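Novice: Below are the chains, spelled out letter by letter.
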Amino acid sequence: MMENLQDFPAVLVKYTDGLINSLIMTEKVKTMAEWAAEGNTPEILFWVGCAGSFDDRAKRITKSLASILQKAGITFGILGTEESCTGDPAKRAGNEFLFQMMAMQNIQILNGYGIKKIVTACPHCFNTLKNEYPELGGDYQVVHHSQLIDELLKSNQLRIEGGSFKGKKITYHDPCYLGRANGVYEAPRAVIEALDVDLVEMKRSKAKGLCCGAGGAQMFKEPEKGHKDINIERTEEALATGSEIIAAACPFCNVMMTDGVKNKEKEQEVKVLDIAELINASL
Amino acid sequence: MSFGLSNVIFLLALFTAIYFFAKNVKKIRRNILLARDSLRTDQPATRWKIMTRVALGQSKMVVNPVAGLFHIVIYAGFLLINIEVLEIVLDGILGTHRLFAQPLGALYTAAINFFEILAVAVIVACVVFLWRRNVMKIDRFRKPELQGWPFRDANYILIIEIVLMIALLSIGAAEANMENPPAGPFIISSLLAPVFSGLSQDGLHIAERIAWWAHILGILAFLNYLPFSKHFHIILSFPNTWYAKLTPYGKFPIHQRVKKEVELMLDPHADPYTAPSDQSQESSEKFGAKDVMDLTWVNVLNAYACTECGRCTAECPANQTGKKLSPRKIMMDVRDRAEEIGRIIDANGGKFVDDGKSLLDHYITREEIWACTSCNACVEACPVLIDPLDIIMQLRQYVVMEEAKAPQSLNLMMTNVENNGAPWQFAQADRANWVYQ
Numbered sequence: 001m002m003e004n005l006q007d008f009p010a011v012l013v014k015y016t017d018g019l020i021n022s023l024i025m026t027e028k029v030k031t032m033a034e035w036a037a038e039g040n041t042p043e044i045l046f047w048v049g050c051a052g053s054f055d056d057r058a059k060r061i062t063k064s065l066a067s068i069l070q071k072a073g074i075t076f077g078i079l080g081t082e083e084s085c086t087g088d089p090a091k092r093a094g095n096e097f098l099f100q101m102m103a104m105q106n107i108q109i110l111n112g113y114g115i116k117k118i119v120t121a122c123p124h125c126f127n128t129l130k131n132e133y134p135e136l137g138g139d140y141q142v143v144h145h146s147q148l149i150d151e152l153l154k155s156n157q158l159r160i161e162g163g164s165f166k167g168k169k170i171t172y173h174d175p176c177y178l179g180r181a182n183g184v185y186e187a188p189r190a191v192i193e194a195l196d197v198d199l200v201e202m203k204r205s206k207a208k209g210l211c212c213g214a215g216g217a218q219m220f221k222e223p224e225k226g227h228k229d230i231n232i233e234r235t236e237e238a239l240a241t242g243s244e245i246i247a248a249a250c251p252f253c254n255v256m257m258t259d260g261v262k263n264k265e266k267e268q269e270v271k272v273l274d275i276a277e278l279i280n281a282s283l
Numbered sequence: 001m002s003f004g005l006s007n008v009i010f011l012l013a014l015f016t017a018i019y020f021f022a023k024n025v026k027k028i029r030r031n032i033l034l035a036r037d038s039l040r041t042d043q044p045a046t047r048w049k050i051m052t053r054v055a056l057g058q059s060k061m062v063v064n065p066v067a068g069l070f071h072i073v074i075y076a077g078f079l080l081i082n083i084e085v086l087e088i089v090l091d092g093i094l095g096t097h098r099l100f101a102q103p104l105g106a107l108y109t110a111a112i113n114f115f116e117i118l119a120v121a122v123i124v125a126c127v128v129f130l131w132r133r134n135v136m137k138i139d140r141f142r143k144p145e146l147q148g149w150p151f152r153d154a155n156y157i158l159i160i161e162i163v164l165m166i167a168l169l170s171i172g173a174a175e176a177n178m179e180n181p182p183a184g185p186f187i188i189s190s191l192l193a194p195v196f197s198g199l200s201q202d203g204l205h206i207a208e209r210i211a212w213w214a215h216i217l218g219i220l221a222f223l224n225y226l227p228f229s230k231h232f233h234i235i236l237s238f239p240n241t242w243y244a245k246l247t248p249y250g251k252f253p254i255h256q257r258v259k260k261e262v263e264l265m266l267d268p269h270a271d272p273y274t275a276p277s278d279q280s281q282e283s284s285e286k287f288g289a290k291d292v293m294d295l296t297w298v299n300v301l302n303a304y305a306c307t308e309c310g311r312c313t314a315e316c317p318a319n320q321t322g323k324k325l326s327p328r329k330i331m332m333d334v335r336d337r338a339e340e341i342g343r344i345i346d347a348n349g350g351k352f353v354d355d356g357k358s359l360l361d362h363y364i365t366r367e368e369i370w371a372c373t374s375c376n377a378c379v380e381a382c383p384v385l386i387d388p389l390d391i392i393m394q395l396r397q398y399v400v401m402e403e404a405k406a407p408q409s410l411n412l413m414m415t416n417v418e419n420n421g422a423p424w425q426f427a428q429a430d431r432a433n434w435v436y437q
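Read top to bottom, the protein sequences are chains B and V. Using full-length UniProt numbering, the first residue of the first sequence is number 1, and each one after it goes up by one. Using full-length UniProt numbering, the first residue of the second sequence is number 1, and each one after it goes up by one.
Treat the hints with care, as some may be off.
Stretch by stretch, here's where chain V covers chain B in the computed footprint (C-beta under 8 Å, at least three residues) [as the list claims (entries may be wrong)]:
no.	segment
1	27-34
2	79-91
3	173-181
Because the hints were derived from the structure by calculation, they are not lab data. Owing to the predicted nature of the structure, the values given are computational and were not obtained by experimental measurement. Glycine is no exception: its CB is placed at the ideal position from the N, C-alpha and C atoms.
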């Protein structure tokens, strides 16, 4: 495990050993199959998503959220190898067939385990599961991790202790599929503000927030000809706030903004972190 | 009260104007209904509320405070000064003059005073808008899709409105100089009176008549300009907001025919040989949209309700970074193609004859639709709840499902989703590896 943690960028270590230590999980993460074999049902399903499962950067967000759930004493399961893409990128690319194929197969598995509540750290999975699965037979209570963490903080199931981000200037980038698509603007901000930081808004935020450039299946293709990449435009706006940390709430936004920061050669001064990472390092 | 030649001319003008207006509105209605059905009649109470707030109440206009405020002035002018037009029409029909002045008395004086002040405010607002479009050169009014007719159209509307208001104020200003003015005195009229002070009493009556006729004939002409102009939004904004999407912006429609087919594919008990040989009417329907008739009629209604303000395009991340995509152009293209189809139908005795053209490719290019990030910024920005994203997605569906012509990188992504359950080439068996790392 420690080998992997050495991949952590030096700038992260600057903030806290806690950020690294926080990823060490106290209990083993169990799959729904394992829960079922024990004859138990966890409170919530953690839908990890493709980025959270495979992308090295996003895996750290996944672990942070798993760790947060453990610290809050919430029992959760993952689908593990039974999880598949929700079908979101196929749908936004125009392939409704593939989307529905994926969706209905996932729904069979989810319904098979009698899933009632789902949390995910990916706004794309969140949107698809919450809005597009019900009509295909999959009706669940779906929350984004910002909403769950906000709830846990408000109910004191989570308590902020480490003050590693206290007073730091942080700006928050609204993911389109969380913000405009589903109207979730306040929960992630409440979570960040719980860290006692100086939250500064970008020129365009909330309903007017600028996309990172990854949505609508753009993540998987080269952009069309233009005079600039969208993530650069957005990163410039984030950097203009003078923040040390750009808080993200989506693994794809995270990649786009991280690339943008690198492009601007600011990776030594500015870090892109998911709200789950911020919270988990401060518990 | 006298009935003479002028009443006949007035009635003739009124009915001609109404006749042609109705005829052209009917054509637009037909063009809208060429498209697929759209089931947007649920939750009527919510829909009325949205229409009241967004269309009547202009709630989304003020997001941009300067444009929003001046727009509300013109809008209020349009709604309220039209009350006076009612009197003008009745005067025209009955051969009376200022019919309501006697019965309403002081209330009439107050109302006309208010309308005159509003008319001045409308002129100011129109001048500000002309300034914004022609002098300030605000970026969204300078985009390629606005060059030519759309740019002129916007200026014509503003100029016509100024002319109409000047005519209205001239009526009062001429009367203010008369020995026995039929009503008043009114504040603005009195201030403007010196303009006509050089005229004799006969001259004043002629000036008043010229202004009166210019005002009402101008209104009737403007009414008939509407169906050919973006200014038609003053009517269609209302139904457009009523039929708006009520679900979260992130919920894209579930394709019902695909659903049936996928359900059949995944049903272990389904016997493909006993499956109904798909209802002939439905199976001829395309996946996605290639042309206007493949869209839903709400999409086309959206297009006719668009006033080309370009707030969508100004907010579009693709457009801001120099890509060809402009949500406003998407809407203008849908309307222009619907108009073209309408003309073909008119020319062929009510039947559409394939002209070898289509919305996709001949109006909207593939480069445009693939530049979209589906971020919903355009949808959020629209003051009348137009949804360009829904159209872009239907065009993508056609390209992907009917033609299998997605960009190569997206085909790779979709192959991965299909085979590995993820958009990248990772084995599904490795999905939970993070637990052990």
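Novice: Hint by hint, note whether the structure agrees.
Specialist: Results of checking the hints against the structure:
no., hint, result
1, 27-34, "holds (count 3)"
2, 79-91, "holds (count 9)"
3, 173-181, "holds (count 4)"
Against the hints set out earlier in the document, no violation occurs for any number.
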